[in-house]
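Following the hints, put chains X and E in place on chain L, whose structure we already have.
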Amino acid sequence: MTQAASPAPRVGLFVTCLVDLFRPSVGFAAVKLMEDAGCVVDAPAAQTCCGQPAYNSGDRDDTRAIAEATIEAFEEFDYVVAPSGSCAGMLKKHYPGLFKGDEAWEARARTFSDKVHELISFLTDVLGVTQVPAKAAGKVTYHDSCSGLRELGIHDQPRKLVASVKGLKLTEMADADVCCGFGGTFCVKYGEISNAIVEEKAANIAGSGADMLLASDLGCLMNMAGKLKRQGSNIEVRHVAEVLAGMTDQPPIGGK
Amino acid sequence: MQITSPTFKANAHEALHDAQLQRALGNVRSGFIGKRAKAVDALPEFEELRDNAKTIKDHVLEHLDIYLEAYEKKVEDAGGKVHWAESAAEARGIILDICRMNNARTVTKGKSMLTEEIELNDFLEASGIQPIETDLGEYIIQLRGEHPSHIIAPAVHLNKDQVESDFRRVHTDFPKDRDLTEPEQLLSEARQVLRQKYFDADVGITGANFLIAETGTSIIVTNEGNGDLTQTLPRVHIVLASIEKVVPTLDDAAQILRVLARSATGQEMSVYTTLSTGPKRASDPDGPDEYHVILLDNGRSSMLGTEFQDALRCIRCGACMNHCPVYHAVGGHAYGWVYPGPIGAVLTPSLVGVDKAGHLPNASTFCGRCEAVCPMRIPLPKMMRHWREKEFERGLNPAVARYGLKFWLWFAKRPRLYRLTTYLAMPVMGLFGGRKRRYRFLPFAGGWVRHRDLPAPEGRTFMQQWRDRDTLKQDAHA
Amino acid sequence: MNGRDAILGRIRNVLNATDAEDDPRRVAATARLDFPPRGVIPARGQLGLDGRVKLFKKMAEGAAATVEKVTSSADVPKRLAAYLRKHNLGAKVRMGGDKRLRAMPWAEERTLQVSIGPSDGSDEVAVSHALAGIAESGTLALVSGRDNPTTLNLLPEHHIVVVNAAEITGDMETMLDMLRDSFGKGAMPRTVNFVTGPSRSADIEQTLLLGAHGPRALHIIIVGK
Chain L
804 MTQAASPAPR VGLFVTCLVD LFRPSVGFAA VKLMEDAGCV VDAPAAQTCC GQPAYNSGDR
864 DDTRAIAEAT IEAFEEFDYV VAPSGSCAGM LKKHYPGLFK GDEAWEARAR TFSDKVHELI
924 SFLTDVLGVT QVPAKAAGKV TYHDSCSGLR ELGIHDQPRK LVASVKGLKL TEMADADVCC
984 GFGGTFCVKY GEISNAIVEE KAANIAGSGA DMLLASDLGC LMNMAGKLKR QGSNIEVRHV
1044 AEVLAGMTDQ PPIGGK
Chain X
296 MQITSPTFKA NAHEALHDAQ LQRALGNVRS GFIGKRAKAV DALPEFEELR DNAKTIKDHV
356 LEHLDIYLEA YEKKVEDAGG KVHWAESAAE ARGIILDICR MNNARTVTKG KSMLTEEIEL
416 NDFLEASGIQ PIETDLGEYI IQLRGEHPSH IIAPAVHLNK DQVESDFRRV HTDFPKDRDL
476 TEPEQLLSEA RQVLRQKYFD ADVGITGANF LIAETGTSII VTNEGNGDLT QTLPRVHIVL
536 ASIEKVVPTL DDAAQILRVL ARSATGQEMS VYTTLSTGPK RASDPDGPDE YHVILLDNGR
596 SSMLGTEFQD ALRCIRCGAC MNHCPVYHAV GGHAYGWVYP GPIGAVLTPS LVGVDKAGHL
656 PNASTFCGRC EAVCPMRIPL PKMMRHWREK EFERGLNPAV ARYGLKFWLW FAKRPRLYRL
716 TTYLAMPVMG LFGGRKRRYR FLPFAGGWVR HRDLPAPEGR TFMQQWRDRD TLKQDAHA
Chain E
15 MNGRDAILGR IRNVLNATDA EDDPRRVAAT ARLDFPPRGV IPARGQLGLD GRVKLFKKMA
75 EGAAATVEKV TSSADVPKRL AAYLRKHNLG AKVRMGGDKR LRAMPWAEER TLQVSIGPSD
135 GSDEVAVSHA LAGIAESGTL ALVSGRDNPT TLNLLPEHHI VVVNAAEITG DMETMLDMLR
195 DSFGKGAMPR TVNFVTGPSR SADIEQTLLL GAHGPRALHI IIVGK
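Protein chains in written order, with the numbering used here: chain L, 804 to 1059; chain X, 296 to 773; chain E, 15 to 239.
With the rest of the complex left out, here is chain L (with noise of 0.2 Å):
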C-alpha cells in the first residue's frame, strides 16, 4: 500500500441532537458522503447539543458550559462537520463570542471555529467534491435554512450537488430563501405566528410542482414535513444528504 500524498483528513461529525434523536439515517449520509470523498470520520460520544436553545433563550452560563465540552470534545479533529447551517453556524460563528474576555479559552474557541464548516458546503467549498455518483427520480425543490444562507453562504454548494443527481430535476419554489417559521423555541412559542410562517411556505413549495423536498436542516424540514402532511400533502420531504448519498432506504420525513 502506498502512502498517499497528504493523509486523510479526519473528521469530527457533529450530528446534532436533532438528527441524532430523530434522524440517524441523515447522519450516516453525512459519514458516507465524507467517507467516499476520502476523509476519516469519526462521532466523539461526548457531543450533545450545541447549546443555540440556550443561547437563544438568553443563558449564557448554560449556553457556554455546553461550548467547552463540545470544543473539549472535538479538539483532536482536522475537521468538524454538522449536517445543519444552524448548528453549524453556531458553532461557527457564535462560539467565540461567548468566551469575551477569557484569552485562553477565547483562542480555543477560535481555532475550534475555523474547523467548523457545515456538510454541504465542507463536501463543496473544503473538498472540492463537484458531483455524486446518486440516482434518484423526479422533480425536487430546495428551501435555503435561514443560518445556511446568511450566516454561512451556502446557496449554490447544494443546488450544484443536487443537479449532478442522475434522474433529478431542480425546480425552484417562489422565495426559497425566506424562513419556514421554525426558528427554534420560536415554533412552539409563538405557534400561531410559526404557523402562518409554514403555511406560507407550504403554498410556496406545493406552487412549485416538485414532489420531493430538500433542505439541509433538519429542524427546518421536521416543520415544512409536518405541516405539509398535515395538509394531507404527498410531497416527500428529505434530508439533502440521504438524497446525495442514495441513501433514501427509509421512509420520508414525516412519512410518506
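It cannot be assumed that every hint is accurate.
Listing some non-contacts, in silico: residues in chain X with all C-beta distances to chain L over 10 Å [what the hints assert, rightly or not]:
(1) N322
(2) F341
(3) D346
(4) C609
(5) P710
(6) P738
Only some residues are given here: those of chain X computed to face chain L with a beta carbon under 10 Å [claimed, not checked]:
(7) K685
(8) F727
(9) D770
If you're looking for bench data, these hints aren't it; they were derived computationally from the structure.
The beta-carbon is built from N, C-alpha and C at its ideal position, and this holds for glycine as well.
Quick look at chains X and E alone, frame taken from chain L:
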C-alpha cells in the same frame, strides 16, 4: 399611545384572524422586496456605500457631543433656535410654548415617527390646538384614530375600501354620489382637502432624516411633497429630531441618502430631499419667519456605550420590517408601540423597558433577513438576543420555557446520562409514530401539534447505531 | 441643570470626553467638518458632458419626469408654449426673478402671460431655473430666494424646470461643491430642494400615484449644445 406590547401574543392572534389586514399585508411582500432588490442590483457600489454609511454613523456616535454642539451653533448663526429636550414631556412642552407664542390654532405635520413617540397629536388636541397630518397615509390613519403600522407606509394595514368609507364619513362637503373606488380618486380628494390646510396652519412641524453639523441644515426626505409644504407655508417651522440624527457634513448625508431610498422603496432617490437652514432670509419671498429645532433624547443617550448602541445608526427606512416574516404575518400594530418589526423589537425595550416589551425580541425566528438588508448593518438578531439575555438574567421569561430549557440543558451537560436516556426513549417514541411515521397528537408538544404533525423518530439514535458500527469495526480488526 | 447640559453631560460621560483642545475626538471631528471627506462615488455618473446629460435624462425619465433638450435658452419660451398646448393648459405661467429666465424671449410667445413672484397656490404652471442637475439619479437642485421661490417647486400642478447642460454634475457631491462655491463653506440658502420626478404616493395599497401634494407633472428643459 397605550403600549400593548405586553399582549403581543393576543394582538398577533387577532391580526392573524383579521381578513382585511391579511389582505393588506400582501402589499408589503409584493410592494417592497422586489423593488429594493432591483434598485440594489442597479448600483454596483451599494455594499460599499452600506459600509461607509455604517462607518459614518459609528463615527457620529463616538463624537456625538461635538457634532451636536457644532450643529447648534450653525443653526443659531442662520437665525434659528435650538431647544434641547430630555424627555417626551419636555419636547411636548417646548412645542406647546412655541405654538402658544404664535397663537397657533392649527398645526400641519409632515410625517414624523418621533411625534408618534412623544404622542404629540393627543397632547396638542388636549391643549386646544388641532394637529393635521399631511402625509396621505398619516392623514388616513388620523381620520381613523389609529397609529402607523409601518414606519414609512403608515396605512399599509388598510385596503382602499376602508379608506373610501373614512373619506365618505369625514369629507361631508363632497357630493355623496361621487366615485371613490380607485386609489387615484382617493388621493385627489385628499389633495384637495389638505391643500387649504397648509395655508391655514400657523405652525408646521416636521421630523428630520438628517441634521448637518457643517451647515446647521435639517433634511427631510419625502415623496409626496407634504413635508416640504409643511415647512414652507406656515409662519413657524418646528423640526423635531432625535439627537442621533446629526451627521457631520453634507457629503456624509449624500452617502446615506444613496442607501436610504433604495432600501426603503427601491427608488434611486425619493422625490423630494429638502434641505432647510434657518428661517427665511431678507431675500426670500417665501418660507417661515421662525425656525426651531428640538433635539430630543428620550432615552437615546442611555443606549450609547451599551450593546444597543448600534441601533442608533437606524435611518428608519423600514427595510427590516419589509423583509420580516413575522411582520408579514401579523403587521405592525401587533408590536404594540411606535416602532414595529425588527428595529421595534430592539428599540421598544430600550425606550419603554424590557418588562413591558419582552415579547418583541423573543418573537423572532432569527432568520437574519433584517440584518441582511439593513442599510446601516445593524445586527438586529444579535441585539434581540441581548434583550433575551437581560430578560433571562432578571427571570422575566415564562416559567414553562425556563423549566423546559433547564430540563433539556441538565441532560445536554451530562453526555452519558443524555446517551442513556435517549437510547431508551427514542425507540419507544419511534414506535408511537406508527406506520405513518408522524404524530398528530403528543402530550407536552401542543405548540407544535396544534398546527402541524410531528415527524416521528426513526428509532434507535445515531450515536447508539454508531457505537454498534464502531464495535463491529473493532471486531473485524480483531 | 438644563436639558442641554444634561444630555451633553450624559454623552460626554459615556464617551470620556475632555475639554482639551487637542482631545483626539475634537481634532478628528473638526477636521471632518473643515474638510469633508469624499465618500463612495458611484461610477455611473463619472462621464463626459454628453454622457452626463444622457444619463440625467434617462434617470429623470425613470422617475416619471419628462425631459427635452434645446440648444439655446432662446428656444425655451417656444418649447414651453408647446408643452402648455400639448397638455391643454392655459397660456399662463408663474416664475421668479431669475435673470437667466428673464433674459429669454417671452414676448415672442404673444399669447403667453408670464407673471413674476412666489405662488399662492392658484398657479397651474410654474417655471424655475435649477442650480444644477445630478446625472446619477436624474435629480434637480433648486435653490430658494427671489430668483426661484420655493413655493413654485411645490404648489403648481405642472412644474417646468430649466437646467443648463453644463451644470449637470455626475454625482451629488460635485453638486454640493457647487453649493459651497455659491454660498460659502458652511453656509446655505434657506431651502434647497433636490427634486427627482413629480410628487407621488403609494400609501393606498402600495399603488403608485403621481401628484400627491406637489406637482403632478415635472417637465425638464435642458439647455445646451
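Here's how the hints hold up against the structure:
1. Separation of X:N322 from chain L is adequate, the least Cβ-Cβ distance of about 15 Å exceeding the 10 Å criterion.
2. Interface exclusion of X:F341 from chain L stands, the closest Cβ pair being 17 Å apart, more than 10 Å.
3. The Cβ of X:D346 lies farther than 10 Å from every Cβ of chain L, with a closest approach of about 17 Å, so its non-interface assignment holds.
4. Every C-beta of chain L lies more than 10 Å from that of X:C609, the closest at about 20 Å, which supports listing it as non-interface.
5. Interface exclusion of X:P710 from chain L breaks down, the closest Cβ pair being 5 Å apart, not more than 10 Å.
6. The non-interface label for X:P738 is consistent with chain L: the shortest C-beta to C-beta separation is roughly 13 Å, beyond 10 Å.
7. Evaluation of the X:K685 hint against chain L yields a held restraint, the C-beta minimum of about 7 Å falling below 10 Å.
8. Nearest Cβ of chain L to the Cβ of X:F727: about 13 Å, over the 10 Å cut. The hint is violated.
9. A cut of 10 Å between beta carbons decides the hint on X:D770: the least distance to chain L is about 17 Å, and the hint is violated.
Figure legend: structure checked against the earlier numbered hints; hints not met, in rising order: 5, 8, 9.
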